[in-house]
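Enquirer: Below, each chain spelled out in residue letters.
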Amino acid sequence: MKKLLPWFTIAAVVLSTLSALMVGAAQVDNFWSALFNPSSNEILWQIRIPRVSATLIVGAALGIAGLMAQGACNNALAEPAILGTSAGASLGAVIGILFGVVQVGSLGAILFGVIGALLATALVFRLAALRGNLSSFSLIIIGIAVSATLTALVGLLSVMVTRADARSISFWSFGSFALVTKENLIGIAITTAIGSALAWKIAPALDRISLGDATAFHLGVDVKRSRYLALVALSILAGGAVSTIGTIAFLGLAAPHIARFIYGPTHRFLVLQSALIGSLILIIADTLARTITSPNELPIGLITSLLGAPVLIALVTVKNSVWKVQ
Amino acid sequence: MLIRQDTHTCQAKFWQTAQVRKIWIIALLLSVTACSNSQPVLSNSILQNDVTSISINEVNTFSVSRVVVLANGVAEIISALNAKSILVGRDISSTDEDLKNIPIVTSGHQIIPERVISLNPDLVIIDAASGPKAAIDQIRAAGIKVVETPESWTLADIALKVKGVSAAIGAPVAGDELVTALNKQILRTDVINNPRIAFLYLRGTSSIYLIGGPGSGADSLIQAAGGIDVGVKEFPHAFNTLTAESLAALNPEILLVMSKGLESVGGLPGLLKLPGVAQTDAGKNSAVIDVDDSLLLSFGPRTFSLVNELSTAIAKLSK
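Order-wise, the sequence lines are chains S and X. Heads up: the first sequence begins at 1 in the working numbering, then just goes up one per residue. Heads up: the second sequence begins at 327 in the working numbering, then just goes up one per residue.
Just so you know, not all the hints are guaranteed correct.
What the hints assert, rightly or not - The list that follows gives simulated cross-link-like pairs (lysine-lysine, DSS-like), each with its CA atoms no further than 30 Å apart:
#	chain 1	residue 1	chain 2	residue 2
1	X	LYS471	X	LYS510
2	X	LYS599	S	LYS182
3	S	LYS201	S	LYS224
4	X	LYS599	X	LYS586
5	X	LYS471	X	LYS426
6	S	LYS182	X	LYS610
7	X	LYS459	X	LYS510
8	X	LYS642	X	LYS559
9	X	LYS586	S	LYS182
Said to hold, decoys possible - Output of the computed footprint for chain S on chain X, the stretches with three or more beta carbons under 8 Å from beta carbons of chain S:
#	stretch
10	473–482
11	570–576
Derived by calculation from the structure, the hints in this document are not laboratory data. Note that CB positions come from ideal geometry on N, CA and C, so glycine has one too.
Let the hints inform the model, and build the full structure from the sequences given.
Expert: Okay, here's the thing in structure tokens:
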């Protein structure tokens with residue numbers, strides 16, 4: 001039964017994706033025929049498929065990003081939003097847009113987002129380590145404070161500089177797939193592929209780091225280098241996603257926790273499963289966001305929190321901890 | 327099975343080493359390459375200079391001498407009543423060239439009492455959208471007369487609004503004269519096929535479209551100009567959030583937008599790339615009309631001229 005579990009996740013993602021493609025504000029006639037004939041239906045092929053593809057990619061990116069954050073810090077609370085990574089990505093993208101050199105969703109905006117994510121995450125760790133060992137407490141407190149500061153800066157810039165194309169604070173806080181185009185997919189696919197490959201490469205090292213730095217060192221792991229690479233992977237994954245569709249709350253925390261709870265602590269396996277569960281949560285959330293009040297659309301960040309939080313609470317209350325090592 | 331939760335696992339020294347410095351260097355290098363451009367493409371624009379304002383020239387006397395206007399489009403009506411001399415402050419909505427020397431005190435939705443009171447007005451004109459209410463109460467508490475004039479969202483409302491404003495400043499005869507002058511304007515309708523038009527309220531700041539429905543104001547203009555507003559039958563409210571798929575399914579032949587809204591999504595090329603827009607006939611034919619933001623829904627002395635310009639633009643695009 002346990003061996004079949006991964007296939008359940010894959011099956012759930014496939015079924016959810018098909019459901020997401022089938023439903024929407026507009027009716028797609030002869031769905032199956034249209035699905036296998038590219039460009040036969042404009043609404044399906046030019047609006048729905050790019051959007052659903054984006055949710056799959058971003059869900060995977062944020063799932064793995066959360067895993068990298070938790071694995072590198074060996075900290076159950078670490079995730080892109082708490083470590084300042086998401087807020088840094090937002091600020092980086094907004095600065096790039098306000099300087100007039102990039103547009104939301106462009107490769108340039110993604111680069112600015114990744115830069116912002118890298119700098120913000122590095123700043124959080126730097127500040128948290130100023131007074132000796134990097135404790136969970138100081139990391140989380142500093143991370144929340146830096147996130148709040150950077151988010152406030154995004155809000156101030158959005159209000160003070162009346163550039164409508166910089167998007168609103170609600171976009172950067174709650175995220176949206178409403179304006180995702182086929183062109184945007186290229187950028188987030190590239191960053192997700194690079195970040196995922198890096199995550200896959202360092203996953204075995206994270207297994208050993210989870211036993212403690214000293215043990216990992218004696219097992220032959222270059223702990224500093226592995227953490228550095230995890231930080232880079234986290235920033236590339238979260239930076240690419242946030243700079244294109246804004247901040248999706250809670251996913252980076254929930255997806256790896258759920259994966260870890262169901263499938264155990266092996267990081268290579270968790271890279272796959274966090275990606276799948278991240279995609280699954282996000283595709284269900286986006287389908288609900290665009291259909292519950294159709295033709296209106298709800299902010300997706302609200303739905304991810306409503307979906308992910310109860311699942312996480314249920315898992316944590318069933319057993320005492322989601323941090324487990326076999 | 328071993329269950330553990332580390333609290334002191336990350337080494338502080340790591341984050342103070344050359345590794346972190348490398349991140350800053352990588353970030354700097356990346357920033358040099360992060361650039362992209364957008365190219366401007368022209369749409370069918372109706373700007374302020376394209377329309378004419380109807381006004382009267384008679385010199386009148388007024389019951390007030392210092393008026394602050396906080397209501398949409400009222401300042402340009404006061405100007406059209408030849409009463410600009412009594413105007414000491416205005417909201418941002420009236421953008422007539424001859425009003426540019428009158429200080430702007432608010433956007434209309436964020437009234438700051440101190441700025442209004444400091445102008446020492448004897449009359450403040452508001453409408454139902456002016457606010458917040460507490461600010462207006464403070465102005466009243468300072469002993470300043472506050473009069474609410476009717477809003478106008480259709481061509482028929484313009485006369486009511488003009489009469490309300492002229493009565494507020496004590497010049498009802500001037501109001502009647504202006505209404506008579508406005509009623510003499512002949513609306514030109516060059517449009518023959520009643521094309522399906524959607525009014526989109528675009529803001530790059532918002533990640534979701536708003537489409538005009540019944541009572542948006544644009545519905546009255548589109549109808550007068552000879553088109554059919556597709557949002558009127560389909561939606562319940564004046565402004566409705568809309569998914570890309572819904573817009574594609576509505577399939578309007580022409581899109582009507584505000585100029586700054588169009589600019590905020592990257593101009594015409596940016597608009598045509600938006601999900602939902604590209605799949606409409608309007609998107610495929612680049613059939614887009616953009617109208618100056620302050621002009622489109624002003625419903626005042628410039629509106630009749632605007633309808634004529636709109637009619638010409640619609641006729642051109644629907645041929």
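Enquirer: Which of the stated hints cannot be reconciled with the structure, identified by number in ascending sequence?
Expert: Structure breaks hints 1, 7, 10.
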